[in-house]
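Please construct the entire structure, taking both the sequences and the accompanying hints into account.
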Amino acid sequence: MLVQDRTLPKSPKSQIRTSSHRFSDSKSLDFSTWVRDNLFKIVTVLLLIATIAALSFLRNFTDTASLIQSKSQEHSPNAIPLPVINWNSIQPIADKSSVYSRFGSEKWIVVSVDRYPTDSLKKLVKIKGWQVLAIGNSRTPKNWNLKGSIFLSLDMQANLGFRVLDFLPYDSYVRKSCGYLFAIQHGAKKIFDADDRGDVIGDDLGKHFDVELVGEGARQETILQYSHENPNRTIVNPYVHFGQRSVWPRGLPLENVGEISHEEFYTEVFGGKQFIQQGISNGLPDVDSVFYFTRKPSLEAFDIRFDDRVPKVALPQGMMVPVNSFNTIYQSSAFWALMLPVSVSTMASDVLRGFWGQRLLWEIGGYVVVYPPTVHRYDKIEAYPFSEEKDLHVNVGRLIKFLVSWRSNKHRFFEKVLELSHSMAEEGFWTERDVKFTAAWLQDLIAVGYQQPRLMSLELDRPRASIGHGDRKEFVPRKLPSVHLGVEETGTVSYEIGNLIRWRKNFGNVVLIMFCSGPVERTALEWRLLYGRIFKTVIILSEQKNEDLAVEAGQLEQVYRHLPKIFSRYTSAEGFLFLQDDTILNYWNLLQADKNKLWITDKVSKSWSTVSPNGKSDWYSKQAEMVKEVVSTMPVHFQVNYKEAIRSDQSLIICSSELFYIPQHLAADFVDLVNLVGNVQLHYKVAIPMFFVSMDSPHNFDSVFSTMVYKRKPPTNSSTFYSAEAPAVHPWNVSSEQDFIKLIRIMAEGDPLLMELF
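For what it's worth, the numbering used here labels the leading residue of the sequence shown as 678, then goes sequentially.
I should point out that these hints are in silico values taken from the structure, not numbers from a laboratory.
Keep in mind that a hint or two might mislead.
Claimed, not checked - In silico lysine to any residue, SDA-like type, Cα no more than 25 Å apart, as pairs: (1) 773 / 784; (2) 1305 / 1322; (3) 950 / 1089; (4) 1274 / 1297; (5) 866 / 980; (6) 884 / 988; (7) 1057 / 980; (8) 1182 / 947; (9) 800 / 820; (10) 1283 / 1234; (11) 1067 / 847; (12) 1293 / 1306; (13) 866 / 833; (14) 1388 / 1297; (15) 866 / 947; (16) 1274 / 1128; (17) 1078 / 884.
Structure representation (structure tokens):
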């Protein structure tokens, strides 16, 4: 190391030895006189001691640091390193290779092209005051050309000298990241992120967006804003605000698609900080493959219309909205948020970028605003690859929760940007490749002359200001005709949507816990889509954990052991409904049930029975002995309830326990009972009924499941077996997508809107 290579200063001992041969006159032994005469020697010795001590300290410090680093690497072999950037040594990058080196414009439209110019793109070129920049990829025709536009082929991009080029795939629209840098390098102050199949309504972006935020052209007005009253609300569907309640944008978690009621009230925010402006698209809006393939016949094009008279709406801190890459204006303060990640699927890249950017936008005091229809996109009836959206359907809900809770102590904004990208890689939302890509992107921004924004001293964790009556702004959106199986919405459909709102209002704060015995890779997303419209959230347990599908590991035989940790996650929920995947829940028949009581199948004789272990197999005897052991350790209130329900010590309650409900106020009792079981291997068919009769008397259970359809074995004709009038149906096998489609069609008798799913 450098410290070890340094040459030590020449020892002063040699000087002392030399002077010892010299003779001098005798002097007084007075101490002060001696110090004065030997001051030089004393200072020299002290310096020598200090030098040796410093070298020793540095040597030990270095060894300790090396040891710590070694230990860190030993314990975290797969840790993702955080790139180190010297922000003050980044050399400028000038355009010296293209014919546009001396061209500049403040307003740019950036599109990705992989086919010859479309009619929509030809119209974009004619928008006054905006320069179109077309970014090519490996699929773009070699002779691509459009008068009035700037086209960057792969060869031209390669000569620009940007660091990000090392990470961009050759065949993807995410090469637009190179285009954004080119526009910034050439004077961009506003960038319209667009695609080549959207017509700007009225051919004027200034009529729809707030292109100017300061100066004479700026609109000095307040903007309607979603209420921040509910701190647990972190995502909204903006399409509801613009009149389409049953349409949802790509990137909205599937468990939120059922939130279709309009806002109780809004607040307001001053304009000027809407650095990201998301427009709504008529015709084919930004929807995911689930919506695209389930809301119309396959050969019919979408032509959805939104209300263009609705006021724009802003998102407060703590609340997010999906943002796309084909109808969005970025102001210069948010140019850093244009980076399209490269390690995720192309259908997920711009949406993940949008959530990432929104979180960082809070650090500089900015916000996203959603605007009424700004473009009309034509549906070309093309394939929407569901597999390409896997990153969205599986991870986006968890990502939003992570981003809302994320905090950083960095003092520079770009350091926060890099830190968040690193944290997202560690959490598995993207990979180390995007961490390196972020580092390259930020350096390129500085190299082309971009000035990073200043941080705002905002306390994200401070208590939110209360919303007074005078701060509440009323607005009720119109209900426009929506797509429903290829036909216009009628009064009947409006009634059906009203039912969905009632069900959601009743169960919107109830957590559904499903145990899947079947193959979760074929059904997990479908179960979430079915029940996520109704319940607060859907948690899926299975024998095998599947992180990609957010499926948690659990053992059915002791499934009750997994419930306490779920209870602790949702302390604000009204209650918890457990359901096995061999039982179908007709939620529309549960509205009258009392959510403050326990629900279980105690009135269903084929599910709940009291048996005597005598004469039974050893399993019953062993379970009965374990029950006695647990009961003997119960506190008095549990024992009294249990023994009042079970008159004989020789009796044992058996319940199939395919479904049961626990209200929030009894969740703590349930957890206490689970803890009493300890390591005893009590089967869930014995443990669950024992818990229930210990928590409360069966006379107080809600009898909502008493009329459920219950068979021990599935009948040969399952279509006549199902009843939409029953609260639940058992058994019912769903092990594939085809089984799920059959189920949806038959459940549509009770909930016709289910037909929109498939």
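For this session: Take the C-alpha atoms of residue 1057 and residue 980, compute the straight-line distance between them, and say whether it is at most 25 Å.
Result: Roughly 11 Å separates the two Cα atoms, so the pair holds.
For this session: Given the hint that residue 866 pairs with residue 947, test it: the Cα-Cα distance must not exceed 25 Å.
Result: At roughly 21 Å apart (the allowed maximum being 25 Å), residue 947 and residue 866 satisfy the hint.
Exercise. Is residue 1283 within 25 Å of residue 1234, Cα to Cα?
Worked result: Since the Cα atoms of residue 1283 and residue 1234 sit roughly 19 Å apart, the hinted pair holds (cutoff 25 Å).
Exercise. Given the hint that residue 1078 pairs with residue 884, does the C-alpha gap stay at or below 25 Å?
Worked result: violated, 35 Å
Problem set entry | Pair hint residue 1182 and residue 947, alpha-carbon separation not exceeding 25 Å | violated, 32 Å
Exercise. Taken at face value, is the distance from the CA of residue 820 to the CA of residue 800 at most 25 Å?
Worked result: holds, 20 Å
Exercise. Does residue 1293 pair with residue 1306 here, judged by a C-alpha cut-off of 25 Å?
Worked result: holds, 19 Å
Problem set entry | Pair hint residue 866 and residue 833, alpha-carbon separation not exceeding 25 Å | Roughly 23 Å between the alpha carbons, so the hint for residue 866 and residue 833 holds.
For this session: Would you mind confirming whether the straight-line C-alpha gap from residue 866 to residue 980 stays at or under 25 Å?
Result: Given that 25 Å is the threshold and the Cα spacing comes to 33 Å, the pair is violated.
Exercise. Straight-line Cα separation of residue 884 and residue 988 no greater than 25 Å?
Worked result: holds, 13 Å
For this session: Could you grab the alpha-carbon distance between residue 1274 and residue 1128 and see if it respects the 25 Å cut-off?
Result: violated, 60 Å
For this session: Below or equal to 25 Å on CA atoms is what counts here, so check residue 950 against residue 1089.
Result: holds, 20 Å
Going through the hint list in order, the structure does not satisfy hints 4, 5, 8, 16, 17.
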